[in-house]
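In order, the protein sequence lines correspond to chains D and U. Using this note's numbering, you'd call the opening residue of the first sequence number 13 and step up by one each time. Using this note's numbering, you'd call the opening residue of the second sequence number 13 and step up by one each time.
Treat the hints as calculated values from the structure; they're not laboratory data. Certain hints may be false.
A pair counts as met if it fits within one copy or between any two copies, since identical chains are not told apart.
[To be verified] DSBU-like, lysine-lysine: derived pairs with alpha carbons at most 30 Å apart:
1. K39 <-> K246
2. K359 <-> K330
3. K242 <-> K359
4. K337 <-> K180
5. K180 <-> K230
6. K407 <-> K66
7. K136 <-> K66
8. K279 <-> K117
9. K85 <-> K411
10. K85 <-> K184
11. K186 <-> K243
12. K136 <-> K180
13. K157 <-> K63
14. K85 <-> K407
15. K230 <-> K66
There are 2 protein chains.
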Amino acid sequence: MFAEIITIGDEILIGQVVDTNSAYIGKALNSIGVSVYQITSVQDDKEHILKSLKEAEENADIIILTGGLGPTKDDITKHTICEYFDDTLIQNDDILTHVEALFKKYISTPIMEVNRKQAMVPSKAKVLMNQNGTAPGMWIEKENKVFISMPGVPYEMKGLMEYEVLPKLQKKYKFPFILHRTILTYGAGESIIADRVEDWENNLPHFIKLAYLPSLGKVRLRLSAKGDNKKIIKDEVERQVSLLHELIGDIIIGYEEENSIEVTIGKLLEEKRQTIATAESCTGGKIAEQFTANAGASVYFKGSIVSYATEAKIDVLKIPEDVIKKHSVVSIEVAEAMANNVKQLFKTDYAIATTGNAGPTKGDSDVEVGTVCIAIATPNGVVSDVYNMGNHRTKVINKTMNKSFEILLKEILKN
Amino acid sequence: MFAEIITIGDEILIGQVVDTNSAYIGKALNSIGVSVYQITSVQDDKEHILKSLKEAEENADIIILTGGLGPTKDDITKHTICEYFDDTLIQNDDILTHVEALFKKYISTPIMEVNRKQAMVPSKAKVLMNQNGTAPGMWIEKENKVFISMPGVPYEMKGLMEYEVLPKLQKKYKFPFILHRTILTYGAGESIIADRVEDWENNLPHFIKLAYLPSLGKVRLRLSAKGDNKKIIKDEVERQVSLLHELIGDIIIGYEEENSIEVTIGKLLEEKRQTIATAESCTGGKIAEQFTANAGASVYFKGSIVSYATEAKIDVLKIPEDVIKKHSVVSIEVAEAMANNVKQLFKTDYAIATTGNAGPTKGDSDVEVGTVCIAIATPNGVVSDVYNMGNHRTKVINKTMNKSFEILLKEILKN
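Model the full structure from these sequences, guided by the hints.
As structure tokens, then:
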């Protein structure tokens with residue numbers, strides 16, 4: 013059974029906004045056994061939306077639309093849906109009550125007519141309650157197909173997917189089991205890997221597909237399997253992963269789980285009742301922000317000092333000025349002092365420290381753009397190293413963050 | 013004249029990868045006057061790619077494909093293009109030389125047969141040299157339409173767009189002028205804005221479209237205009253923006269050129285030779301990270317203390333314990349003390365402080381989830397207020413960040 017995702021909005025087509033909704037929806041659908049046939053991004057234009065609905069109905073059984081449900085004139089999805097299903101808008105009293113309550117709670121100005129219109133829905137639609145906003149989701153069945161419309165605001169869409177769409181789809185259909193397993197490799201290009209696994213790849217069962225996802229310095233290998241028997245799928249994928257280990261175990265460094273690495277770190281720290289703080293220069297708070305984006309982080313994450321300016325390293329982090337003068341602000345010595353001092357200040361078990369030059373100019377040090385020192389303070393001392401993270405600012409920051417998490421995780425697992 | 017973008021790859025449909033290429037291509041095409049009709053993401057499947065090529069040829073004059081050009085078995089774009097154009101692959105000697113040179117320079121292992129195959133291209137294709145990788149871009153004309161195929165690796169695609177595709181398109185076609193102007197507003201919802209600008213919106217000339225882009229605490233208004241006469245377009249858009257200023261000047265805080273609000277703040281601080289630091293609890297470093305994401309931030313951004321744990325507020329930020337006990341950790345009093353103390357510690361002119369409960373549970377305070385106190389320390393004192401930012405973690409964090417920037421900007425403009 014296939015789904016098609018239609019995202020509505022000129023902002024996507026002119027490149028003002030990156031469509032992150034589709035990836036979220038694709039992943040969520042896969043998790044309950046629904047494959048996505050196609051993602052189509054279309055203009056805020058009635059004829060275009062009608063055409064895409066017609067094509068999607070030919071391609072797929074589940075058609076998911078996002079966007080165009082706001083209260084302003086450029087939001088035309090509801091009227092277009094009415095036209096497609098030869099329907100009219102009627103008032104839904106539950107939605108009206110919900111909209112009025114939201115206004116009362118969060119908005120100081122009185123409710124207006126356009127806001128009340130959010131409660132108008134096609135008569136054929138079942139309403140999906142949007143806890144995070146005024147625009148309701150809609151569910152319309154036609155023969156054995158279902159059309160689902162959701163607002164494009166990501167957190168509103170996510171709430172609807174989790175609490176309404178996925179449970180309702182699982183109730184209505186019986187889906188097969190889909191399993192993706194992604195193996196991370198470092199140190200060999202995709203053509204070399206393909207050469208080493210050629211026989212294995214040719215002998216994969218028909219229900220397992222292999223994909224190569226290369227990116228600077230690493231290649232992810234994804235096995236995707238689909239079938240009705242969960243146990244057979246799981247066992248066979250595991251067997252194939254073992255065979256792969258025999259062939260290229262030397263370059264495999266792990267798996268891509270659902271959990272990001274900072275969540276894994278957080279869970280381990282929580283189990284061990286240990287804590288962490290960060291001292292960040294070139295990452296500028298990015299590492300702290302990644303930790304605190306997760307609910308419950310306060311159990312293990314104590315805080316951070318972003319010592320962006322050199323004075324801040326001296327005044328706030330208490331790095332001796334002569335250490336900075338002697339070794340330069342981007343040095344192993346300064347990184348280690350940052351890690352040790354922040355660990356002491358926040359009284360934690362671990363600390364991450366980063367100092368480097370993210371570019372594009374040299375800044376407070378003479379080191380080459382892309383040079384970064386990372387130090388990890390642990391209950392047993394401090395480990396540190398210097399890296400060249402390339403020459404693009406965002407890349408340097410993100411690579412430094414990832415490398416810090418990688419080293420930290422190894423250290424936590426050791427202790 | 014319309015373009016259609018087709019992105020090829022199962023990784024997009026299963027949500028493993030967010031398609032950022034299409035936004036980049038959409039923006040680049042708009043900059044030379046080409047509108048994108050549709051973005052279509054399809055599977056690594058020959059029949060599906062053929063179908064999407066046929067549909068795109070009906071919709072558009074310029075068809076841009078990305079993905080599926082690697083050396084491994086799941087990369088089928090080249091063969092599919094051959095089938096679509098009834099063509100065969102032939103060896104291109106320039107590409108072969110290029111691939112061999114790349115191997116010699118960057119890769120320690122010897123070149124293999126699959127790598128040499130990168131030099132095989134459809135005989136009808138003009139080759140677009142990819143300076144950043146082994147897979148060449150391809151340009152195939154059919155009647156007055158053009159099909160362009162590029163690798164999906166973002167920096168390879170970007171190089172090809174900039175140095176090959178855009179110049180070639182501008183040479184081949186005469187495009188109209190497209191202008192997008194995005195006005196940033198803070199502090200009013202989209203329905204309130206729509207109400208205030210209703211007459212103006214109804215009287216916009218036909219060649220200017222208005223879009224509302226709401227997100228947590230701010231609404232962006234985008235005017236999009238298209239026409240042959242650049243001067244008329246520019247003048248009329250500026251005239252409409254002036255009219256808009258008369259109507260809602262009180263909530264307009266600037267424009268989105270490439271600039272976000274933190275960049276505007278950074279520029280102002282740099283001009284005035286003033287500096288800022290942040291003390292962040294519920295935002296967890298997010299505000300610091302936004303500042304430091306911009307090159308040159310070190311001129312005005314000194315650093316941050318992320319005092320996530322209550323102990324950190326006492327030990328590191330030196331908030332008196334009795335103030336916290338008396339007023340609770342989420343209080344105006346604590347926020348103001350955080351702002352004042354971090355301003356003093358980092359010796360800055362301004363400081364932002366946030367303390368609140370981002371949820372989902374109550375944490376170290378008794379306040380309701382979503383309650384946030386923001387304080388802004390300025391050269392003339394400190395301003396602060398308490399807000400209800402809703403009940404979703406990411407939303408609370410982002411709304412708090414946006415509200416902080418909004419108040420800070422107003423304060424900087426006052427001083």
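Checked hints:
1. K39 <-> K246: within (18 Å within a copy, 42 Å between copies)
2. K359 <-> K330: For K359 and K330, the Cα distance is within 30 Å both inside one copy (15 Å) and across copies (15 Å).
3. K242 <-> K359: neither (47 Å within a copy, 61 Å between copies)
4. K337 <-> K180: Neither: 64 Å inside a copy, 47 Å across copies.
5. K180 <-> K230: neither (39 Å within a copy, 33 Å between copies)
6. K407 <-> K66: Classified as neither: same-chain Cα gap 41 Å, cross-chain 35 Å, threshold 30 Å.
7. K136 <-> K66: So K136 and K66 pass the 30 Å test inside one copy only (18 Å; across, 34 Å).
8. K279 <-> K117: Neither: 35 Å inside a chain and 36 Å across chains, both beyond 30 Å.
9. K85 <-> K411: between (43 Å within a copy, 25 Å between copies)
10. K85 <-> K184: The answer is neither: 34 Å in one copy and 37 Å across copies each exceed 30 Å.
11. K186 <-> K243: within (17 Å within a copy, 59 Å between copies)
12. K136 <-> K180: Only inside one copy: K136 and K180 sit 17 Å apart there, 50 Å across copies, limit 30 Å.
13. K157 <-> K63: both (17 Å within a copy, 22 Å between copies)
14. K85 <-> K407: between (39 Å within a copy, 25 Å between copies)
15. K230 <-> K66: Neither, since 41 Å and 35 Å both go past 30 Å.
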